[in-house]
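**Student:** As a plain string of letters, each chain reads:
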Amino acid sequence: MAFPAFFSGFEAVPLLVTMIMAVAAFVIILLSSLGLRARTVSTGISVAAFVISLALLLGKVLGYLGPILGPQGNSVFAQDWISYLFGVAILIVSILVALSSEDFLANIPNASSFFALLIFTTIGSVLLVFSTDLLMIFVAWELMSIPSYVLTGFKKKDQESNEAAVKYFLISAFASAVLLYGISLIYVITGTTNIYQILSPASSSASGITPIAVLALSFVIAGFGIKLSAVPFHMWIPDAYQGAPTVVSALLSAGTKGATFAPAARIFFVLFAGSAFQTDWSTAFAVLALLSMTVGNFAALTQRSVTRILAYSSIGHGGYILIGFAAGTAYGLTASFFHILNYATMQTCAFLAAALIIREVGKDDLLAFDGVGRRMRIAPIALTLSLLALGGFPPLNGFWSKVFLFYSAIGSPLNLGWLAIAGIINSFVSIAFYLRIVKHMYVDQPQSFSKLFESNGFRVALIIASLIIVGTGVYPGPVIQFASTTATSFFSQISSASHVLPAIP
Amino acid sequence: MASCTDLIPFLVWIVPIGGGALSVLAARAGGTARNIVAVVASLVSALLATSLFFLGDFAPYTTTGRILDVQTLCGAQATWIAALNLRAGVLVDPLTVVLANVVAWVSFLIMVYSLGYMKGERNLTRYYFLMDFFIGNMLLLVMSDNFLQLFLGWEGVGYCSYALIGFWHTDEEKYWVGTPGDQSLNVPEAYSPTHAGMKAFIMTRAGDIAFLVGILLIFAYSRTFNFVSLYNQLHGSSNNWATSLSSVGLFVPSAILIFGGAIGKSAQFPLHEWLPDAMAGPTSVSALIHAATMVNAGVFLVGTVGPLYVAAFSTLSEVYPFFLTVAAIGAFTAFLAATQAMVSDELKKVLAYSTVSQIGYMMLGLGVAGLSVTSNFDFGFTAGFFHLISQALFKAGLFMCAGWLIHVTGSKYMSEMGGLRKDLKITFYSMLIVGLSLAAIPPFSGFWSKDSILAAANQAGGAAYVLFALGLITSLITAFYTFRMLGLIFWGPKSENLQRIGSNHVGSSNPNAQESPTTTAAAAGTGSEDHGGKHGLHEAPRSMWIPYSILAGVTVAIGVAAPIFLERDLGDLFSSYLTYWGITSVYSLNYLSDLLPISLSLALALIGAYIGYLGYIKRSLNLSVLVKSNSFLYSGYKFFYHRWYLNSIYYRLFAYPVEKGSRWLFEKFEEKVIDPINIEAPSFGGAVSSILRRIQTGIEEEYIFAFGLGIALLIIIFAYIGQI
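The listed protein sequences derive, respectively, from chains C and V. Each residue of the first sequence is one higher than the one before, starting from 1265 at the first, in the numbering used here. Each residue of the second sequence is one higher than the one before, starting from 9 at the first, in the numbering used here.
Don't take each hint at face value.
[Stated by the list, open to error] Here are some of the chain C residues that sit facing chain V, going by a computed Cβ distance under 10 Å:
#1 V1478
#2 I1485
#3 A1486
#4 D1503
#5 L1555
#6 G1637
#7 E1718
[Claimed, not checked] Derived Cβ-Cβ restraints for the label pairs, each shown as a range:
#8 C:S1753 with V:P329: 37 to 43 Å
#9 C:A1370 with V:F674: 32 to 38 Å
#10 C:G1626 with V:R36: 32 to 38 Å
[To be verified] Okay, the calculated bits of chain C under chain V, using three or more residues with CB under 8 Å as the criterion:
#11 1547-1554
#12 1559-1572
For the record, the hints were derived by calculation from the structure and aren't laboratory data. Only a predicted model underlies this, so the values are computations on that prediction, with no experimental measurement involved. In this text, a Cβ means the ideal position worked out from N, Cα and C, and glycines have one as well.
The task is simple: from the sequences and hints, build the whole structure.
**Tutor:** And the structure:
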């Protein structure tokens, strides 16, 4: 593909992607101020922007648009495999959410601003995964977060939606402050905000961890922990996901959360590779993983609200992903990346299917789901498939990545076998509440047999997601390859830039 | 070079599976659309299989075979799970192509036959789906280039076999196999279709577990499932999977374990007891699965691993025990099943016993091939597979004829037929030809193929002489029971049952009347006009007699061509295949120089045929009176009739104790231990859950407090635990 000279010497894809999406957002706003407020128009524009962006990213991944070079110098953006892997995951989520929102917003005013905000959040997420400078990460983080507060409170006449938005905003603001403070402390220690320069020998003169470094690490982890839904930074999640419009919950639980793992992986693995931060970081992640899995899965057991069950399930899956971080090997990161990719489709599909059913039956109570399997065609099947995938049933995609995660814990040189066992027990527990939803939909008698409406937008989104779940489950080869290329190239970056190899094999 | 024709070996088995799924959709448009889709899918797959002969550099008679895998498929990468080194692939070589063609074409003929045979039945969507799914899995099994994929196909056909044996799952007595009331050692010997299906599934599973363990043993030492990689490793270093298995003494055990799968699937002793009862399924199913294709999978498996084992060692002694086991089990099973076929009154059971017996011959052929490793491996190998091909054709023909006979007479017993040669001319001549082939009367195909197995056994010498003798005796018995079967059905006076049908055109009222589609159709109230004994003894509809007369014609054609060129060419083809696996020998069959086995087998077959002729065609010798008057013969008759008591012993040894044990476990363990746990575990989870839920207060200040605690936790971990 030939680009104008303006782009020469510059890897144009991330720029193009953000520009395309920004233009789309402004076009939507412009059209709406001109009086063209039809939801189909906004949906069409945003889906088109997302699809083109996804195509550009995939073109790069598949090698049609030149090779992926890796970080160049001390630029604030890196075009490495991590950026592309997370970019693909985010855009898949955004496409699915946008498709479903067309119908979901039927009775909610100001639909065009919803789509503009959705696009802005997506831009923020994409920038976040491309950023390699701590300050840029923070800016992108805010760009991702702020529109999402508004989206959470989008049903402005609805008290629960407002409450959710306020809770989410307050704790996020707090976390942003903590994160920024952590970043400033890192700057104090290393004298740079560029992640890959932190690795350079000059920046790590000190040996052994100092109290300041401990504070810096803790603050950064806690700040990200909010979005990663790591226990005990998870408290806002059930309330926010339940109160928010359910399609926004899908975006929050899969999109913004998934995106946060990218800077997390970059910062933590790079920091821990530098000698100034040598410490037993694996235990910290292992503890967070254990807490998240246990709290998420056990708390979900007795919930009556489907959105809260899915919210706790999201917390539990955050824990599974952290297992790969704790393992600290390239294999562990492969497993985490693989699970993030799968989790993006599984969780989005589950939330969107639940969103449709909840809107049609009017409540998110489990009892309202009774016999829905006979009243709708696509949504119950998609929900069942995604719940089974989340529970880790073969041959769906969630099964493979869980196997990889647990195996990475067992294979880790850090003796994390116990974490794998905890993960397996948690998987086992989680099946109880996943299957309970399925039981309510298919086994229990409905109160009414009238058919429920399924719009085409929802149907397309759910069918695409289900096909991905089944397709990459039956044939996971390429996805595993993608995750493994990403993890190994990231590891070679760290070791080539560092004079001290990370405390991992 | 990769090209898109490389897709064909994949399509060969994907098409029937997809066609099966499509036929389910087509069923919405009506029964005819469904039938057409199902049959066309099997035709397309057969045509694709034939096109493999002309595909690229594979031309028969000249090639050493070509290995395709997905890596070269149109340049596309199709690694299934790279981390586990699993790839999907196909093997296009003389063996797989020849077998794929036999399977695909016989399947197609039987699908056409099904159109007539199953007409008016209920649940045909299930039937056609399972048939197509079976064909796809069978071809997958044959074309696979690795153990894992082969195992998938292996289990797929096993499932279809189970589901189709139990096709008439309502278990009316007319669908039962065996005569209700029959007992031996207090074990009932009549089974309902669902019981028979489960029996088949469970017994073959026993073999499959052994098979799986064998595969995993090889995998543990080679880290691959792929046949070609396994072979290449043999040449990579002297320290390969075969030698390491051998050094820990596991080589022969692993080979025998894999052979265990073949024993189960091909119904060889000691896992042969499921096949006779599998006759509870529709006859088209018996023809397809339990005569022509699936039961031969075990032979194919031995033919696939056999060359690998031979290539693994230069000396005979390492692999000798394996091949001797194969040959001995084959010869013994051939004899065992043939004796039972002599005394059975149920037509399909005679054919089932004879299938078991004929597969025994094939195993004998493959086994003795390995006993003469260095000199003449390809001789026994070719003989085994030649017999597989000819048996598949004539046995499918026999079953299809039997299906019509049972239908038109309304009885599964041969004693309720008789004198039918004038009424059913086409069926009579077709069945006569395929029957003579089974009896190994020249010039039909069965004669040449069985003869070459016996010749191979004779050549192997040593211990194989015993097996050779056993094979000769069996060929006498085979000819006898074939003539008994033909005589009972087509000669002699008409039975009472037939006279009733012939005189007043009213359907059989025999309570044992089995699987007459009439009865079901009538019961279903669909009242098809064209069925059953109601209309007297008339010839089969075209969709039924054309397939089996084609098979009769092919049997004659192969019989004529075999001595002139076919058998030699087949031998050359397989020699070239074996050369690829590093076994070099020149196929050398010469009927004239090997007169002993050919003349002995012919003489014995003629003696057996003559006894059968006297007893059942000319009927000058009343064998049943003879047997009943002699207590020694009568106890022999009882012994054979009750399947050497093996069936009842199995029930007493395995089925009943397991049943008793599981009832005990249910009462003592399930109800006393598991059930309380089932109640306690969720309530424990619930208790934990409600404690955890209490944290979730909904108050924002407390959330931020928890956030602070989290930071404290991290600081503690980093500052203290991390420093230890």
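**Student:** So which of the earlier hints does this model not fit?
**Tutor:** Hints 6, 7, 8, 9 contradicted; others consistent.
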